[in-house]
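Undergrad: Same order as they appear, the protein sequences are chains A and B. Numbering of the first sequence is given in my numbering, commencing with residue 3 and proceeding in unit increments. Numbering of the second sequence is given in my numbering, commencing with residue 96 and proceeding in unit increments.
Hints in this document: simulated from the structure, not taken from any laboratory. These numbers were taken from a predicted model, which means no experiment stands behind them. The C-beta atom is built at its ideal place from N, Cα and C for all residues, glycine as well. Be careful, since some hints might not be right.
[As the list claims (entries may be wrong)] The calculated SDA-like cross-link candidates involving lysine to any residue, where the alpha carbons are at most 25 Å apart (straight line), are:
| hint | chain 1 | residue 1 | chain 2 | residue 2 |
| --- | --- | --- | --- | --- |
| 1 | B | Lys202 | A | His12 |
| 2 | B | Lys199 | A | Lys32 |
| 3 | A | Lys32 | B | Leu141 |
| 4 | B | Lys202 | A | Leu90 |
| 5 | B | Lys199 | A | Ala89 |
| 6 | B | Lys199 | A | Leu84 |
| 7 | B | Lys149 | A | His12 |
| 8 | B | Lys202 | A | Thr11 |
| 9 | B | Lys149 | A | Phe62 |
| 10 | B | Lys202 | A | Ser88 |
| 11 | B | Lys149 | A | Asn102 |
| 12 | B | Lys149 | A | Arg100 |
| 13 | A | Lys15 | B | Lys202 |
| 14 | B | Lys199 | A | Glu53 |
| 15 | B | Lys199 | A | His12 |
| 16 | B | Lys202 | A | Leu84 |
| 17 | A | Lys32 | B | Lys202 |
| 18 | B | Lys149 | A | Gly5 |
| 19 | B | Lys199 | A | Gln19 |
| 20 | B | Lys199 | A | Val40 |
| 21 | B | Lys202 | A | Asp64 |
| 22 | B | Lys149 | A | Arg112 |
[Said to hold, decoys possible] According to the in silico footprint, chain A covers these stretches of chain B (three or more CB under 8 Å from chain A):
| hint | region |
| --- | --- |
| 23 | 110–123 |
| 24 | 147–157 |
| 25 | 171–177 |
[Said to hold, decoys possible] Partial list, derived from the structure: chain A residues whose beta carbon lies under 8 Å from chain B:
| hint | residue |
| --- | --- |
| 26 | Pro10 |
| 27 | Arg24 |
| 28 | Gln50 |
| 29 | Asn61 |
| 30 | Pro63 |
| 31 | Arg65 |
| 32 | Phe66 |
| 33 | Gly86 |
| 34 | Ser88 |
| 35 | Ala89 |
| 36 | Leu90 |
| 37 | Asn102 |
| 38 | Leu105 |
| 39 | His106 |
| 40 | Gly110 |
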Amino acid sequence: DAGVTQSPTHLIKTRGQQVTLRCSPISGHKSVSWYQQVLGQGPQFIFQYYEKEERGRGNFPDRFSARQFPNYSSELNVNALLLGDSALYLCASSLRDRGNSPLHFGNGTRLTVT
Amino acid sequence: GIQVEQSPPDLILQEGANSTLRCNFSDSVNNLQWFHQNPWGQLINLFYIPSGTKQNGRLSATTVATERYSLLYISSSQTTDSGVYFCALRGYSGAGSYQLTFGKGTKLSVIP
């Protein structure tokens with residue numbers, strides 16, 4: 003079975019531009035979460051979606067938005083990019099939205115903002 | 096929110112040595128995971144271990160939930176074990192959200 007897949011793998015954008023990152027969860031998984039990892043730190047929670055509804059949002063500005071589609075895939079959008087948005091963006095899926103369901107991560111999208 | 100502390104922050108081992116990584120956490124949780132992030136950034140599941148002990152080859156993990164700590168053991172280390180090891184806990188953060196909170200990681204370097 004395929005794991006969590008993310009696209010693209012790498013992306014270079016200019017300040018002020020907009021970016022869309024994509025994620026396909028493991029088959030059968032209905033919960034998708036997004037995390038941002040800057041160099042030298044652990045991943046930080048951005049969003050959780052379950053059954054197409056937003057279940058949680060981390061401490062990120064409104065420039066960050068996401069959605070989940072009927073097939074449970076998800077997109078993360080970031081508007082008005084800043085240099086500080088340069089990071090590895092990780093998508094994770096889990097079978098359930100509850101705490102007792104392990105998360106499985108994709109390989110990430112490495113975003114560089116110049 | 097949940098606080099996660101990992102120690103040591105950095106570890107250098109000779110190939111073949113054993114090591115223990117520690118994760119202390121501040122609150123009761125129902126999901127604790129250990130991950131290995133390789134030099135290419137891939138975050139690999141090692142263990143889902145909210146309590147008890149599990150083993151997978153040269154790796155094993157123990158979580159004592161009542162005392163709020165978890166240990167990851169690496170035996171007979173190999174150069175491919177190099178990378179950053181994260182402990183992460185999933186707890187309820189309100190409004191139906193169960194987010195994963197990561198520690199700062201232990202950076203392991205295994206030298207030949």
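Undergrad: A separate judgement is required for each hint: does it hold in the structure or not?
TA: How the hints compare with the structure:
Of the supplied pair hints, the one linking Lys202 of chain B and His12 of chain A holds, its CA atoms being roughly 24 Å apart against a limit of 25 Å. Annotation: proposed proximity of Lys199 of chain B to Lys32 of chain A is violated, straight-line Cα distance about 28 Å (limit 25 Å). Restraint check: the Cα-Cα separation between Lys32 of chain A and Leu141 of chain B comes to about 22 Å, which is no more than 25 Å; the hinted pair holds. A threshold of 25 Å between alpha carbons decides the hint, and for Lys202 of chain B with Leu90 of chain A the separation of about 18 Å falls inside it, so the pair holds.
The hinted pair formed by Lys199 of chain B and Ala89 of chain A meets the criterion: a straight-line CA distance of about 16 Å does not exceed 25 Å. Proposed proximity of Lys199 of chain B and Leu84 of chain A is supported: the alpha carbons are some 24 Å apart, at most 25 Å. This hinted pair does not check out: Lys149 of chain B and His12 of chain A have alpha carbons roughly 35 Å apart, beyond 25 Å. Distance restraint check for Lys202 of chain B and Thr11 of chain A: the Cα-Cα separation of roughly 24 Å lies within the 25 Å cut-off, and the hinted pair is therefore satisfied.
Distance hint between Lys149 of chain B and Phe62 of chain A is unfulfilled; the C-alpha atoms sit about 36 Å from each other, more than 25 Å. At roughly 22 Å between alpha-carbon atoms, Lys202 of chain B and Ser88 of chain A fall within 25 Å of each other, so this suggested pair holds. Restraint check: the Cα-Cα separation between Lys149 of chain B and Asn102 of chain A comes to about 17 Å, which is no more than 25 Å; the hinted pair holds. A hinted pair counts as satisfied when its Cα atoms are at most 25 Å apart, and Lys149 of chain B with Arg100 of chain A qualifies at roughly 22 Å.
Straight-line distance between C-alpha atoms of Lys15 of chain A and Lys202 of chain B comes to about 30 Å, which puts the hinted pair past the 25 Å bound. Under the criterion of a C-alpha separation no larger than 25 Å, the hint pairing Lys199 of chain B with Glu53 of chain A is inconsistent with the structure, at around 31 Å. Taking the CA atoms of Lys199 of chain B and His12 of chain A, the gap is about 24 Å. The hint holds against a cut of 25 Å. Between Lys202 of chain B and Leu84 of chain A the alpha-carbon distance is near 28 Å, which puts this suggested pair outside the 25 Å criterion.
Using a Cα cut-off of 25 Å, the hinted pair Lys32 of chain A and Lys202 of chain B is violated, with the two alpha carbons roughly 32 Å apart. Between Lys149 of chain B and Gly5 of chain A, the direct Cα distance comes to roughly 23 Å. Compliance with the 25 Å bound is thereby established for this hinted pair. Annotation: proposed proximity of Lys199 of chain B to Gln19 of chain A is violated, straight-line Cα distance about 30 Å (limit 25 Å). Pair hint Lys199 of chain B plus Val40 of chain A holds up; C-alpha atoms about 11 Å apart against a cutoff of 25 Å.
At roughly 33 Å between alpha-carbon atoms, Lys202 of chain B and Asp64 of chain A are farther apart than 25 Å, so this suggested pair is violated. Taken as a hint, the Lys149 of chain B and Arg112 of chain A pair is broken in the structure, with Cα atoms around 33 Å apart against an allowance of 25 Å. Coverage of the region 110–123 of chain B by chain A is violated. Counting CB-CB distances below 8 Å, 0 residues qualify, and the rule asks for three or more. By the rule of at least three residues with a Cβ nearer than 8 Å to a Cβ of chain A, the coverage given for the region 147–157 of chain B is violated, with 0 such residues.
Counting residues of the region 171–177 of chain B whose C-beta lies closer than 8 Å to any C-beta of chain A gives 0; at least three are required, and the coverage claim is violated. Interface hint at Pro10 of chain A: violated, since its Cβ lies 14 Å from the closest Cβ of chain B, which is beyond the 8 Å cut-off. With a least beta-carbon distance of about 17 Å to chain B, the hint placing Arg24 of chain A at the interface is violated under the 8 Å criterion. Because the closest C-beta pair between Gln50 of chain A and chain B is about 5 Å apart, less than 8 Å, the hint holds.
The interface hint given for Asn61 of chain A is violated, since its Cβ lies 10 Å from the closest Cβ of chain B, which is over the 8 Å cut-off. Interface restraint check for Pro63 of chain A: the shortest CB-CB distance to chain B comes to about 17 Å, outside 8 Å, so the restraint is violated. The closest approach between the C-beta of Arg65 of chain A and any C-beta of chain B is roughly 20 Å, which is over the 8 Å cut-off, so the hint fails. Because the beta carbon of Phe66 of chain A sits about 15 Å from the nearest beta carbon in chain B, more than 8 Å, this interface hint is broken.
Below 8 Å, beta-carbon pairs count as interface contacts, and Gly86 of chain A has none with chain B, the closest being about 18 Å; its hint is therefore violated. Interface restraint check for Ser88 of chain A: the shortest CB-CB distance to chain B comes to about 13 Å, outside 8 Å, so the restraint is violated. Hint status for Ala89 of chain A: violated, given a least beta-carbon distance of 11 Å to chain B, over 8 Å. At its closest, the beta carbon of Leu90 of chain A sits 5 Å from a beta carbon of chain B; the interface hint therefore holds under the 8 Å criterion.
Evaluation of the Asn102 of chain A hint against chain B yields a held restraint, the C-beta minimum of about 5 Å falling below 8 Å. The restraint placing Leu105 of chain A at the interface with chain B holds, with a minimum CB-CB distance near 6 Å, inside the 8 Å limit. Given the 8 Å rule on beta carbons, the hint for His106 of chain A holds: about 6 Å separates it from the nearest Cβ of chain B. Interface restraint check: Gly110 of chain A against chain B, minimum CB-CB distance 6 Å, threshold 8 Å, status holds.
Taken one by one, the earlier hints fail for this structure at numbers 2, 7, 9, 13, 14, 16, 17, 19, 21, 22, 23, 24, 25, 26, 27, 29, 30, 31, 32, 33, 34, 35, listed in ascending order.
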